[in-house]
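Asks: Residue strings, one per chain:
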Amino acid sequence: MILAVIIIYFVVVLFIGSISVRLFRNTGEDYFVATRTIGPFVLFMSLFGTHMTAFTILGASGEAYHTGIGVFALMASSSALVVPSIFFFVGPRIWSFGKRYGYLTQIQFFRDRWDSSALGLILFVVLLAFLLPYLLIGVMGGGTTLNQITGGLIPEWLGGLIVCGVVLIYVTTGGMRGTAWVNTFQTLVFMIFGALAFYIIVKNMGGLTQAMNQLALQHPELLVREGKIQPLEMLSYTLIPLSAGMFPHLFIHWLTSSKAENFKFTIRLYPISIAFVWFPSVMLGVLGTLNFPGLKGAAANSVLIRMIEMHAPGALAGLLAAGVVSSVMNSLDSQVLAIGSMFTQDILEHYGWISKKNERQHVLLGRIFVAAFVALSYLLSLVTNRSIFRLGIWCFTGFASLFPLIIAALFWKRSNKYGAFASIFSVIAMWLFFFLKSGSDQNYTLGGTGIMPVVLMIAVSSLVLIVVSLLTPAVSEDRIKKFFPQTRKFSAASPVEA
Amino acid sequence: MKITLYFLLGLLYLLHNDLFLWNDECLIHGIPSGLAYHLAYCVAATLLMTALTYFAWPEGLEVDSDKDPAV
Numbered sequence: 001m002i003l004a005v006i007i008i009y010f011v012v013v014l015f016i017g018s019i020s021v022r023l024f025r026n027t028g029e030d031y032f033v034a035t036r037t038i039g040p041f042v043l044f045m046s047l048f049g050t051h052m053t054a055f056t057i058l059g060a061s062g063e064a065y066h067t068g069i070g071v072f073a074l075m076a077s078s079s080a081l082v083v084p085s086i087f088f089f090v091g092p093r094i095w096s097f098g099k100r101y102g103y104l105t106q107i108q109f110f111r112d113r114w115d116s117s118a119l120g121l122i123l124f125v126v127l128l129a130f131l132l133p134y135l136l137i138g139v140m141g142g143g144t145t146l147n148q149i150t151g152g153l154i155p156e157w158l159g160g161l162i163v164c165g166v167v168l169i170y171v172t173t174g175g176m177r178g179t180a181w182v183n184t185f186q187t188l189v190f191m192i193f194g195a196l197a198f199y200i201i202v203k204n205m206g207g208l209t210q211a212m213n214q215l216a217l218q219h220p221e222l223l224v225r226e227g228k229i230q231p232l233e234m235l236s237y238t239l240i241p242l243s244a245g246m247f248p249h250l251f252i253h254w255l256t257s258s259k260a261e262n263f264k265f266t267i268r269l270y271p272i273s274i275a276f277v278w279f280p281s282v283m284l285g286v287l288g289t290l291n292f293p294g295l296k297g298a299a300a301n302s303v304l305i306r307m308i309e310m311h312a313p314g315a316l317a318g319l320l321a322a323g324v325v326s327s328v329m330n331s332l333d334s335q336v337l338a339i340g341s342m343f344t345q346d347i348l349e350h351y352g353w354i355s356k357k358n359e360r361q362h363v364l365l366g367r368i369f370v371a372a373f374v375a376l377s378y379l380l381s382l383v384t385n386r387s388i389f390r391l392g393i394w395c396f397t398g399f400a401s402l403f404p405l406i407i408a409a410l411f412w413k414r415s416n417k418y419g420a421f422a423s424i425f426s427v428i429a430m431w432l433f434f435f436l437k438s439g440s441d442q443n444y445t446l447g448g449t450g451i452m453p454v455v456l457m458i459a460v461s462s463l464v465l466i467v468v469s470l471l472t473p474a475v476s477e478d479r480i481k482k483f484f485p486q487t488r489k490f491s492a493a494s495p496v497e498a
Numbered sequence: 001m002k003i004t005l006y007f008l009l010g011l012l013y014l015l016h017n018d019l020f021l022w023n024d025e026c027l028i029h030g031i032p033s034g035l036a037y038h039l040a041y042c043v044a045a046t047l048l049m050t051a052l053t054y055f056a057w058p059e060g061l062e063v064d065s066d067k068d069p070a071v
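These protein sequence lines are chains A and B, in that order.
Using the numbering used here, the letters of the first sequence map in sequence onto residues 1 to 498.
Using the numbering used here, the letters of the second sequence map in sequence onto residues 1 to 71.
Don't take each hint at face value.
To be verified - What the simulated footprint calls covered on chain A by chain B, stretch by stretch (three residues with Cβ under 8 Å from a Cβ of chain B suffice, anywhere in the stretch; the number is not a length):
1. 60 to 73
2. 87 to 95
3. 125 to 134
4. 333 to 342
Everything labelled a hint here was simulated from the structure, so no lab data went into it.
For glycine and all other residues, C-beta sits at the position ideal for the given N, C-alpha and C.
Throw the hints in and build the complete structure from the sequences for me.
Replies: Here is the structure:
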């Protein structure tokens, strides 16, 4: 029964993706950013669905299983403030430049802003490298979910393969419009069924108060942060959500909006929506210690699925599992689309390997590269054993450390390509250093102080960007006028109706 | 108004550090106090974001784009 529900769910997802093909205009702009026609509701659902990943649903519950309720403060409530703030200060401005100058990727923006082709190339490599762990999160999450919910009938390797296959089909056929539509459907599914799962499981455990009282008796350490999370660690974590400002898959969704005002809907609903999704995930993670004590390391990532399997019967378990799978696929699809877009626009077209006018060739080659990259991610997922949560943190650390770039590009006229290069190289060097150094210690902080590497990385990348920019020639006056026109009054105090 | 909202944004960022609840095991309707605080924090963030979109929305974005269509 569970397997049947999952199969039906995949069929529905593929159907939604396929009907979007009817609106396809056979152009690169339509394939990659839906010709910038997405309205406020779909924009919110696709941004939120893309941002909420297996990291949220599986990783957070797995981490809460070990660390307790502090996980919510670490990632959820900080994201609830930081991410919509990024959408407020950065998103509409990027959209405006994107529409004005026809950008399809974030690399096009940075390359144009600082007038450097080489900068685009190095960014392409770095963004892909940081995106790879994020893709692994999705593939591993999908495999874990399908394996657990079918009682081992689908092995993890096959589960990951199925998720990759379904995503590839609707992304390659439906492009961004198909992805946005499927994202909307899947976000509704995982929000509704996530809440339903929480309600049913807690009810089966005798109600929230009774279940938590029992937890307080058996594992009181999970109700507090003392001994589990250091104050400086929590402060450090508030910088991790800055990664949202540099995610290629969120960036590409920003470009799809039909107008800047559409962002308002997303900005307003984002904080409460994060709470809506993370609260059940964290609570079920800590409650999982009552039903499934003794899970070690990454095995705790499956605690949510185990809880669903234990407390929800038959078809309902399938629906709830579909909600988890949908959160996994929601991010994977936008990530592979962003990769395809970057490859065709920033490499093949930019370096003249394909003609600007040959739209069909753009789409075809984008699809091929996407398939190759997903295959690579899939193979790596088979040999990776880090916990989903920790893997995500390293990916987010890299993107967050690049965040000063987008701020400098949008708000600092004096910034230039030399500063940007220096900043990127500092991030690469520090990321490699800390990643290798922390290899055996998944809770690594600077000198054991609780301060995470992301703090130092952002500080250094910002400082390097500023100092090197000031020591080297400024960009041309034409470039300044292009990105800081006199008529553009970003800082106006009064509300504006577009 | 815009300056006030930016100040509140900074204040809310600081309020994320609820050290006073670090070791509080108290349950509020079954929800640990540390978690309840951060749920309330999300509500406060929602209100602040809503205010920002009403009173500090950046000017000129749509107009510029309409003037200069995609190239």
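Asks: It remains to establish, for every hint, whether it holds in the given structure.
Replies: Against the structure, the hints come out as follows:
Look at the stretch 60 to 73 of chain A against chain B: 4 of its residues bring a Cβ nearer than 8 Å to a Cβ of that chain, three or more, so the hint holds. Under a criterion of three residues with beta carbons nearer than 8 Å to beta carbons of chain B, the stated coverage of the stretch 87 to 95 of chain A is upheld, 4 such residues being counted. Residues of the stretch 125 to 134 of chain A lying with their CB closer than 8 Å to a CB of chain B number 0, which falls below the three-residue condition for coverage. Figure legend: the stretch 333 to 342 of chain A, annotated as covered by chain B; annotation inconsistent (0 residues with Cβ-Cβ distances under 8 Å, at least 3 required).
Hints 3, 4 from the earlier list are contradicted by this structure; the remaining hints agree with it.
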